[in-house]
Amino acid sequence: MSTAAAQKSGFLATIWDYLTTVDHKKIAQLYLYTGGFFFLVGGVEAMLIRIQLMKPDNDFLSAGLYNEMITMHGTTMIFLAAMPLIFALMNAVVPLQIGARDVAFPFLNSLGFWLFFFGGVLLNVSWFTGGAPDAGWTNYAPLSTTSPGHGVDYYVMGLQISGAGTLIAGINFLVTIVNMRAPGMTYMRMPLFTWSTFVTSALILFAFPALTVGLFLMMFDRMFGSAFFDVALGGNVIIWEHLFWIFGHPEVYILILPLFGAFSDIFSTFSKKRLFGYSAMVFATVLIGFLGFMVWAHHMFTVGMGPIANSIFAVATMAIAVPTGIKIFNWLFTMWGGQIRMTAAMLWSVAFIPSFTIGGMTGVMLAAAAADYQYHDTYFVVGHFHYVIVGGVAFGLFAGLHYWWPKMFGKILNEKLGKLAFWPFFIGFHLTFFIQHFLGLMGMPRRYWVFLDGQGLNTGNLISTIGAFLMAIGTIIFLINIVYTAFKEPKVGGDPWNGRTLEWAIPSPPPHYNFAQTPLVRGLDPLWVEKMDGKKGMTPSEPLGDIHMPNGSILPFMMSLGMFIAGFGFIYQIDSSSWLIAVFIGMGITLGSMLTRSLKDDLGHHIHKEELERDIKKGAGK
Amino acid sequence: MSHDDVLNPKQMPHDPEKATLEGKNKFLGFWFFLGGETVLFASLFGTYLALNGSTQGENTPEHLFGLELVFIMTMLLLTSSLTSVYAMYHMKNHNFQKMQLWLVITVLLGLGFLGCEIYEFMHYIHEYEFTFRSSAFGSAFYTLVGFHGGHVLFGLSWITALIIRNQKRGLNLYNAPKYYIASLYWHFIDVVWVFIFTVVYLMGKVG
Amino acid sequence: MSNAKPAHQHEYERKQHREEMKHQVISFVMMIIFTFVAFGMVMFEVNSFFIIPTLILLAVVQVAFQLYYFMHMKNKGHDMPALMMYGGAAVALLTIITFTTLIWW
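Quick note, the sequences are listed as chains A, B and C, same order. Residue numbering for the first sequence follows this note's numbering, starting at 795 and increasing by one per position. Residue numbering for the second sequence follows this note's numbering, starting at 442 and increasing by one per position. Residue numbering for the third sequence follows this note's numbering, starting at 4 and increasing by one per position.
FYI, nobody ran anything at the bench for these hints, they're computed from the structure. Note that the coordinates shown come from a computational prediction; the quantities given were computed from them, not determined experimentally. Virtual Cβ for every residue (Gly too), placed ideally from N, Cα, C. Any given hint could be a false lead.
Said to hold, decoys possible - Below, a sample of chain C positions facing chain A; criterion: calculated Cβ distance under 10 angstroms: (1) Asn50; (2) Ile54; (3) Ile55; (4) Met87; (5) Phe102; (6) Trp107.
Chain A with its partners taken away, still in its complex shape (with noise of 0.2 angstroms):
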């Protein structure tokens, strides 16, 4: 099938091959460019939102459209573009890190990407169809089982559908990372990229879920009557907050977690030193995960728990600090002495230790009960998760994609425009977000549409935008360095970086069966290993054979269609009962397709040794 598509060439052949492709390497790069897509729309949101709070009783946005933006900029930047963007990542690098032709489940990989995209476009129609979501982005009820028009039925239909896409790409990633190691590549060699994804992906199977039940909950009571969270029918607000939130709290660390790991991996990398601490690094992440378990309820402090659930909660989350610092010394005692290649990736690594520390610090504030009494819903809260999740997440795409775009691409982002996006960015950051804890402090509550003069709030959220509009003029700037390195710089080789890990001994971009023998691995850091031993690739544990590859397919891309469709349908079914078609044809073909799948053989094919051979030659392989 993917050699038949491959013979044709031409922009629809492209597009075929994309809608249908089943290549960890492609779905990354869906993954990307529309988690970037996401991220944009979001940064946008952001914008309109700070232009709101530029001065006092301001009127650039109205009351409600300003709900909708809150909403939906927490909303898509959380599901819609970090987590797609760290998939990009993972698919990108995981199975070449563990040594794999390809991830375990490639046709369900495909699927967890269409249902996202699908569930992510049905989310952001809602702006053109009589409005967006506007009871933020936690939907407490009851603010959103009273919200009028459709908007809040679009963010339970579109979160769950993407949700789904989710739960299946953690399970794809832990049976990858469990069984599709290279030989002698032991889980106490795995990379640290590597072993966050697992955790991570270990957290999406058990946090997920009870988002799924949370917004099956909330679309029975908005679409179909049920009382849930009906007071009046004895039904209980409270039942909403512990189901969001105990995925919630995991969600941040799923969020979290993996870019960790990647800046151990750049750590590492540039300061040319094997990572410090390796394994109290892979204990401090099994232990992050473990505990990011038991603290969902500090989210709710000011719900009246009572002191004994709050001290609780209040412990076990003062608790995560200490695994993360053992991470923060880790990467400092790793850089120590080390010498020291200050690239784009590593400026943005090196910025975000005193930045996710300031968010650590607050975290830790916030976590003390009492005190939060003060602080809960003020800007001091929207300034701590800010710090962690740009500081964080954000800081961490921009230093992963910098050092894996070579690997994806085959060319290095120009280092020059690389540090020329970081400065405005980080400067923008600290303007935008320090000044918001005390504007919190002052008592500026968060998701207030406007503040009123003469309270000393003006300076301060004057600043704050300005800050905004610098982080704004750094993303562009790293717009245009994507476009410059794809017309101007030149390619690179397969490890232009001097690197550690396996993805470094295969050429850039790499060949679609990733390796044409799979590498005997010897240590940690496997191919430094080699490298000390004088070697220039790795040794492989195979003669060079036929390598087994899976088919590429169309049906998770109509599967997830279907969803989409039947998503308007429940959607519009409170209106006219007519909408309910939608839903029988859209299940029909999301079902139909299933059948198709579960009935018809599909074994995959053979790439045949003479054609690696010939590839060899060329000087892919290896």
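Take the given structure of chain A and dock chains B and C to it, following the hints.
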């Protein structure tokens, strides 16, 4: 391993469901999925336990539930779990026709269970006017038990599709993992039901 | 595929399977007995302080039979499945505790 070795193995290995890398991946991935399903059902059980007192003064669990039907349903589902164990036993002995037969029995028992459940829901709706919308307890009850019923329906369709698809060609290394994980799914449905009859019906009767 | 298996190995495997099937039938009988006890306790209104903990205990043991015997979690090669099932069970337990203690007050 060539395609022919997978579809027409000359010699069936000891664990046909885990003989190929694809089979190993399916096996592991499905177990992980069940780990996630555990949390999904726990969230539903939690919601039910939080709301089972919100009856608005009528149709309490004690008043509503009859244990006779639930006992029959439990026996049907428990037995169907054993019959699918028999099916896997014959798979390991490479006796394809007997495996198919035991799976057909499993499906029939599952259909019996589903029929009882539909009857039960109808009974509550028509005799007691107890619906999804009557109270928060009603919503939580139908959602929890209905999610389980939906799993039963999906499992039945899945196993039926497998039986029909492979009837003509017999067991091979490509469909053995599919049969195996379908039976895992069926056992998990039984696991959930054990908690449903305990937490919803028996504890509901105790009050 | 490997060469044809010797007949005695084939016979040995069948015997092993029979042995395992016997264990599974025994666990089925135990599950049925537990179910009878649980229903019996409620139907005959055994009025005791311990009835709810006992019902839950019976369910947990029955589920353990189901997982370890019917789903073969006791066999080799089930370390990762066990890890993820226990992980799921831990989160499930936290969720249930929360929903029975922290929703109404």
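Problem set entry | Numbers of unmet hints, in rising order | Hints 1, 2, 3 not satisfied by this model.
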